[in-house]
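Here is how the chains run, residue by residue.
2 protein chains.
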Amino acid sequence: MRNLLLYLQYDGTYYHGWQIQPEDVTVQQTVEAAIFKIFKEEISVAGCSRTDAGVHAKKYALSFFTDCKIPADRVAVALNTALPCDIRALVCVEVCENFHARFDTVSKTYQYIINNGNFDVFMRNYCWSVKNKLDIQKMKDAAKFFIGKHDFKSFMTGDKDSTVRTVFLLDIVQNGDFINIFISADGFLYNMVRIITGTLKRVGEGKLDADKIPEIIKARDRRLAGETAPPQGLYLYDVKYENY
Amino acid sequence: MRNLLLYLQYDGTYYHGWQIQPEDVTVQQTVEAAIFKIFKEEISVAGCSRTDAGVHAKKYALSFFTDCKIPADRVAVALNTALPCDIRALVCVEVCENFHARFDTVSKTYQYIINNGNFDVFMRNYCWSVKNKLDIQKMKDAAKFFIGKHDFKSFMTGDKDSTVRTVFLLDIVQNGDFINIFISADGFLYNMVRIITGTLKRVGEGKLDADKIPEIIKARDRRLAGETAPPQGLYLYDVKYENY
Numbered sequence: 001m002r003n004l005l006l007y008l009q010y011d012g013t014y015y016h017g018w019q020i021q022p023e024d025v026t027v028q029q030t031v032e033a034a035i036f037k038i039f040k041e042e043i044s045v046a047g048c049s050r051t052d053a054g055v056h057a058k059k060y061a062l063s064f065f066t067d068c069k070i071p072a073d074r075v076a077v078a079l080n081t082a083l084p085c086d087i088r089a090l091v092c093v094e095v096c097e098n099f100h101a102r103f104d105t106v107s108k109t110y111q112y113i114i115n116n117g118n119f120d121v122f123m124r125n126y127c128w129s130v131k132n133k134l135d136i137q138k139m140k141d142a143a144k145f146f147i148g149k150h151d152f153k154s155f156m157t158g159d160k161d162s163t164v165r166t167v168f169l170l171d172i173v174q175n176g177d178f179i180n181i182f183i184s185a186d187g188f189l190y191n192m193v194r195i196i197t198g199t200l201k202r203v204g205e206g207k208l209d210a211d212k213i214p215e216i217i218k219a220r221d222r223r224l225a226g227e228t229a230p231p232q233g234l235y236l237y238d239v240k241y242e243n244y
Numbered sequence: 001m002r003n004l005l006l007y008l009q010y011d012g013t014y015y016h017g018w019q020i021q022p023e024d025v026t027v028q029q030t031v032e033a034a035i036f037k038i039f040k041e042e043i044s045v046a047g048c049s050r051t052d053a054g055v056h057a058k059k060y061a062l063s064f065f066t067d068c069k070i071p072a073d074r075v076a077v078a079l080n081t082a083l084p085c086d087i088r089a090l091v092c093v094e095v096c097e098n099f100h101a102r103f104d105t106v107s108k109t110y111q112y113i114i115n116n117g118n119f120d121v122f123m124r125n126y127c128w129s130v131k132n133k134l135d136i137q138k139m140k141d142a143a144k145f146f147i148g149k150h151d152f153k154s155f156m157t158g159d160k161d162s163t164v165r166t167v168f169l170l171d172i173v174q175n176g177d178f179i180n181i182f183i184s185a186d187g188f189l190y191n192m193v194r195i196i197t198g199t200l201k202r203v204g205e206g207k208l209d210a211d212k213i214p215e216i217i218k219a220r221d222r223r224l225a226g227e228t229a230p231p232q233g234l235y236l237y238d239v240k241y242e243n244y
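Sequence order for the protein chains is A and B. Numbering-wise, the numbering used here puts 76 at position 76 of the first sequence, and it's gapless, one number per residue. Numbering-wise, the numbering used here puts 1 at position 1 of the second sequence, and it's gapless, one number per residue.
Extracted from the complex, chain A is given alone in its bound form (with noise of 0.2 Å):
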C-alpha cells in the first residue's frame, strides 16, 4: 500500500463543492471516478477542505492509499486523461504511510477576488462585483485586527466547539479595478473568508469603521459582522504541510 499526495486545480463553478453528496456532483466523486478508470481501485480520497458549492481551488490537496504501481510523478499525467476539463491534477508525490491531506495541513491560504470596476461577463463566476466604490486604505487598516490568535465565532455560520483560530497573514492587494484578499490560518471555520470579505468591504464602503473590527472579534456574535461574501469569488489558494 503506498499513500500519495496530490494536488489539484478546479474550477467549481458547475460543483456542489468538495464533498460527496448523494444527488449531486461534486469535485471529490469527479477525483474518484477518475482514479477508478485509471488505477481500477475504488478509493475514497481525503481533501484538505470541504469547499462549497461555486469556490474553486487553485490548489486543492487530497490523499488516497493504494495498491496500484504507477510511478507517483506519472499520476498527474494519467488522470488528466479521465478528468474533466475544469480539474486538472497538478503533481503527485508519494507520502509517509501515515500522512493525511486534511489534519496535517500546516497551513492554508485562501483568496478572495473582488471586481470593483465594471461587471465583466467573462468573471462572473470567478468575482464577486461589488459597485459601491471601495477605500482599500480602510479595508487594510481593518485588516491588520484579524491578524493573530482570535476567537473568530462572530465570523462563521452555524456553531462549533472550538472557534479559535490564528490568522498568520491578511493581505489586501489592488490589481486595477480587482481588490484581492489572501487570507492565511491554520485553519477555518465555516463561511469564516467569506464573512471576513464581507466585513472588509463594510469597511471599504464607509459603513463601518475599521476601528471596530476588535469589538465584533470580542462579541463573538455572527449578527455584528458583515454579509457573507458570495462562494464564485473564492479560491483555495494554497496548502501548506510541513514536509512536503
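If you are wondering where the hints come from, they were derived from the structure by calculation, not from laboratory data. Please note that a few of the clues may not be correct.
Note that identical chains are pooled: a pair holds if it fits in a single copy or bridges any two copies.
[Claimed, not checked] List time: in silico BS3-like cross-link candidates among lysine-lysine, alpha-carbon distance up to 27 Å:
hint : residue 1 : residue 2
1    : K58       : K240
2    : K140      : K207
3    : K218      : K153
4    : K40       : K153
5    : K131      : K37
6    : K59       : K131
7    : K40       : K69
8    : K131      : K58
9    : K212      : K131
10   : K133      : K59
11   : K131      : K218
12   : K153      : K138
13   : K218      : K138
14   : K149      : K40
15   : K37       : K144
16   : K140      : K69
17   : K207      : K58
18   : K144      : K40
19   : K207      : K131
Bear in mind the structure is a predicted one, so any value in this text is a computation, not a measurement.
Please arrange chain B on chain A, whose structure you already have, making use of the hints.
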C-alpha cells in the same frame, strides 16, 4: 422610429455564435428576446459581425429601429434586467436613420489569447493553450508582413469574390504566460483571425520561417497557411464607426 446603436459584451462559451439559427441558442436571439421583454416589440437587430460558436466579444455593436420611447441612455440598464449574466449591454446611443451596425464599420479589432504556460482550468474557455514554447520575436517578425492591403485568400475558410482586406495593425503583446494578438482591419474574411493566429503559432514554434509569409499571402492557397486556431481564444475587441 428611432435608430439605436447598442454596445454589448458577451461570453460566447454557451452560444452557437451570434447569428440566429433555427435549432440552437445564439446571442442574437437572446438579445432580441430581451428587447422584446423590455420594448414590447418584435425587433430584428443588425449585428456588426457574425461571431462563431465559442467566440467572445468585449465590445460588440448592433443597431435596431424602435418606436419605444425609453431614453437611449437608459436602454442598457433596462436590457440588463432581461439579459442572462453572460451578455451585458454596455452603452446605447441614438444614431441617424441610415446608420447600420454592419455596413458602417470603419474598422474592427479582434484579440486572440494564447496561453503558453501550464493549462489553466479558469481560462479553458477563454484562450488557446499551446504547449510548445513560442518565440515571440519570430511571431512579431511574421506579423509585420500581414499589415497593409493584401489579398487574404490563403487565410480564409470557404470562398468569396472579394478577398482583399486592409490590416491596419497586428500587435503581439506578451503578458506573463499569455500572448495577446491584436489585429485591426477594415474587414475580415471567414476565420481570418484564427488562421492568421494558427500561422503565427507555427512561426513561433519554429516550424515556419517568418520570411515565408509574403509567399503564403501571394499564393492565395489556404493549404499553405497554418491551422485554424480554436474559437475560445478569440474576442471581438473593438468596433469603430465614423461618427459614433
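Should K133 paired with K59 be assigned to within, between, both, or neither, using CA atoms and 27 Å as the limit? Between copies only: 24 Å across chains, 30 Å inside a chain, cut-off 27 Å.
Have a look at K207 and K131 and pick one of within, between, both or neither, based on CA distance no larger than 27 Å. within (14 Å within a copy, 48 Å between copies)
For K218 vs K153, is the C-alpha pair at or below 27 Å within one copy, between two copies, both, or neither? within (9 Å within a copy, 71 Å between copies)
Checking an output row: K149 and K40, CA cutoff 27 Å. Within, between, both or neither? Close neither inside one copy (45 Å) nor across copies (59 Å); limit 27 Å.
Could you place K207 and K58 in one of the four classes (within, between, both, neither) given a Cα distance threshold of 27 Å? Result: close neither inside a copy nor across copies, 32 Å intra and 34 Å inter.
Have a look at K40 and K153 and pick one of within, between, both or neither, based on CA distance no larger than 27 Å. neither (44 Å within a copy, 51 Å between copies)
For the identical chains here, do K140 and K69 meet the 27 Å Cα criterion within one copy, between copies, both, or neither? For K140 and K69, the Cα distance exceeds 27 Å both inside one copy (50 Å) and across copies (46 Å).
Checking an output row: K218 and K138, CA cutoff 27 Å. Within, between, both or neither? Result: close within a single copy only, 20 Å intra versus 61 Å inter.
Regarding K140 and K207, is the shortest C-alpha distance of 27 Å or less found within a copy, between copies, in both, or in neither? within (15 Å within a copy, 50 Å between copies)
State whether the alpha carbon distance between K59 and K131 is at most 27 Å within one copy, between copies, both, or neither. For K59 and K131, the Cα distance is within 27 Å only across copies (21 Å; inside one copy 29 Å).
Checking K58 and K240: alpha-carbon separation at most 27 Å within a copy, between copies, both or neither? This pair counts as within: shortest intra-copy Cα distance 13 Å, inter-copy 38 Å.
Between copies, within a copy, both or neither: which fits K40 and K69 at Cα up to 27 Å? This pair counts as within: shortest intra-copy Cα distance 11 Å, inter-copy 65 Å.
Checked against the numbered hints above, the structure violates hints 4, 11, 14, 15, 16, 17, 18; every other hint is satisfied.
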